[in-house]
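Chains A and B, in that order, give the protein sequences.
For the first sequence, position 10 (counting from the first letter as 1) is numbered 736 according to the working numbering, and the numbering increases by one without interruption.
For the second sequence, position 168 (counting from the first letter as 1) is numbered 271 according to the working numbering, and the numbering increases by one without interruption.
I should point out that these hints are in silico values taken from the structure, not numbers from a laboratory.
Among the clues, some could well be false.
[As the list claims (entries may be wrong)] Output of the computed footprint for chain A on chain B, the stretches with three or more beta carbons under 8 Å from beta carbons of chain A:
{"hint": "1", "stretch": "148-162"}
{"hint": "2", "stretch": "168-181"}
{"hint": "3", "stretch": "203-217"}
{"hint": "4", "stretch": "221-235"}
{"hint": "5", "stretch": "261-274"}
[To be verified] Output of the computed footprint for chain A on chain B, the stretches with three or more beta carbons under 8 Å from beta carbons of chain A:
{"hint": "6", "stretch": "106-114"}
{"hint": "7", "stretch": "135-144"}
C-beta: ideal position from N, C-alpha, C; glycine also.
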Amino acid sequence: MPDAFAERPSALQLFLIFARIGLTSFGGGLSGWMLREFVQRRRLMSEEDFLNGLSVAQALPGVNVTNMAIWIGYKLGGRSGAIASWLGIVVPAAFVIVLIGSLFASLGGYEITHVALGGAASAAIGLSLAMGLTAARRVPRRAFPLAIMAATFVAVAILKWPLLWTVLGAGSLSVAVTYRDG
Amino acid sequence: MPSLPFSILLVFLPLSLVTIGGGQSAIADMHRQIVDLHQWMSASQFVDAFAIARLAPGPGSLLATLIGWQIAGFWGALAATVGIFGPTAFLIYGVAHIWSRYEGARPLRALEKGLRPVAAGMILAASYVLIQSLDSGWLGRSIALVSTALLMLTPVNPLLLIAGGAGCFVGLHLLALI
Chain A
727 MPDAFAERPS ALQLFLIFAR IGLTSFGGGL SGWMLREFVQ RRRLMSEEDF LNGLSVAQAL
787 PGVNVTNMAI WIGYKLGGRS GAIASWLGIV VPAAFVIVLI GSLFASLGGY EITHVALGGA
847 ASAAIGLSLA MGLTAARRVP RRAFPLAIMA ATFVAVAILK WPLLWTVLGA GSLSVAVTYR
907 DG
Chain B
104 MPSLPFSILL VFLPLSLVTI GGGQSAIADM HRQIVDLHQW MSASQFVDAF AIARLAPGPG
164 SLLATLIGWQ IAGFWGALAA TVGIFGPTAF LIYGVAHIWS RYEGARPLRA LEKGLRPVAA
224 GMILAASYVL IQSLDSGWLG RSIALVSTAL LMLTPVNPLL LIAGGAGCFV GLHLLALI
C-alpha cells in the first residue's frame, strides 16, 4: 500500500512537525506521538517501517526519540530531512526547558502546578503503554519471539539489569535465531 | 586551562554514547561528574534540575541542556546539548544511511525481525517503570490506563488527553479529594 501514502514532506515541514512533537509531549512517550503523527494521522510511512526504525533506535546508544527523529527524517527527506528533524526535536524544547528552569528558579513553584503536572504525566504514560502494546501486537505469535519479549521485559522492568547487556544479550540471540530460520 | 563551556562539552561527549535505551543510564554518571568531581552544582540543585527535566516537554536528556545553562549560561547550554546529542546523532545517521542502501538484504531483515520483540519488551518495561514511579497512586494509574485505552481505540488528540489528566488532578485537588 505504499501508494496510499501522502507526499513527502519538505525539510521545513519536518522541522515544524518535530518541533510540535517536542513541545507538546509531556512526561516522555514521544515515540507514541511520532507513531500517531507519521503513521496513523499523516500516513507518511508504514507501521512496519516505523517499528523497524524504533527497534534500531532503541538498540543503539542515544536518546530514543532523537534517534527516531533522525531515522524518520532520513527516510522521508534524506540528509536535509535528518538534520531538520533533529533540530526540530531538540532546539525548541531546549529553549523551553531553560525557560521553565528560570521560572521555577524565580517563582519557587506553587503546589497547584505540581498537582497539574502530576495529572499530565499520568495521562502521558498512556502514550508509552499504547506504543508498547502496538509494538507487542506486531511480534510474531510464536514461542521464541514471545519468550524474548517477555525475558526483555522481566530483565529491564523487574530485575533492573543494565540495559546495555540486556539489549546485547537478548538482541543478538534473537537476531541469530531469526537469521538461521529466515 | 580550558574555558568552562569547553570543560562541559568534554563531560557530556562520552556520556552521549552510554545513553542506551533513553538516557536514564547516563544520569548517575552525570551526577558523579557534575556534583562530586567538578563541583559545578550542589546535589540538591542537581535533583531540582532532574525534576524540571522530567516535567518539561521534549527529550529527557535536555537535562544536560538545563545543567549546562545553570553552570555557564548560553554557551554552557550549547556545549552540553551538542555533547549529549552530537555523537549518537552521527551514529544513527550512519546506520540509517547504510540501512537504506542495503534494505531487504537477509542479515538486515533478520536484524529488523529479531530486534522487534526486544524493542517491544523494552517499551513495555519503560511503561511499567513509569507507572510504578507515579507518586499519585491509584488515581494516576487509572488515568494512565484510561488514557492507554482511549489512544488504542479512538483517534483522540493526545494533547487533549494530557490536558484532561491535568484537569482531573486539579479538579480533585480543588475539591480537596487529593
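Establish whether the coverage given for the stretch 106-114 of chain B by chain A is satisfied; the threshold is a Cβ-Cβ distance below 8 Å, and no fewer than three residues must meet it.
violated (count 0)
Verify the coverage statement for the stretch 135-144 of chain B against chain A, using a C-beta to C-beta distance below 8 Å and requiring 3 or more qualifying residues.
Answer violated; 0 residues pass the 8 Å Cβ test.
Count the residues of the stretch 168-181 of chain B with a beta-carbon closer than 8 Å to any beta-carbon of chain A: does the count reach three?
That given contact holds, which follows from 5 residues of the stretch 168-181 of chain B lying within Cβ reach (below 8 Å) of chain A.
Stated coverage of the stretch 148-162 of chain B by chain A [criterion: 3+ residues, CB within 8 Å]:
The restraint on the stretch 148-162 of chain B holds, since 10 of its residues have a Cβ under 8 Å from chain A and three suffice.
Proximity test - 8 Å, beta-carbon atoms, the stretch 203-217 of chain B to chain A, at least three hits
holds (count 9)
Are at least 3 residues of the stretch 261-274 of chain B within less than 8 Å of chain A when you compare beta carbons?
holds (count 12)
Annotated coverage of the stretch 221-235 of chain B by chain A, confirmed only when three residues or more have a Cβ within 8 Å
holds (count 14)
Of the numbered hints listed earlier, those contradicted by the structure are 6, 7.
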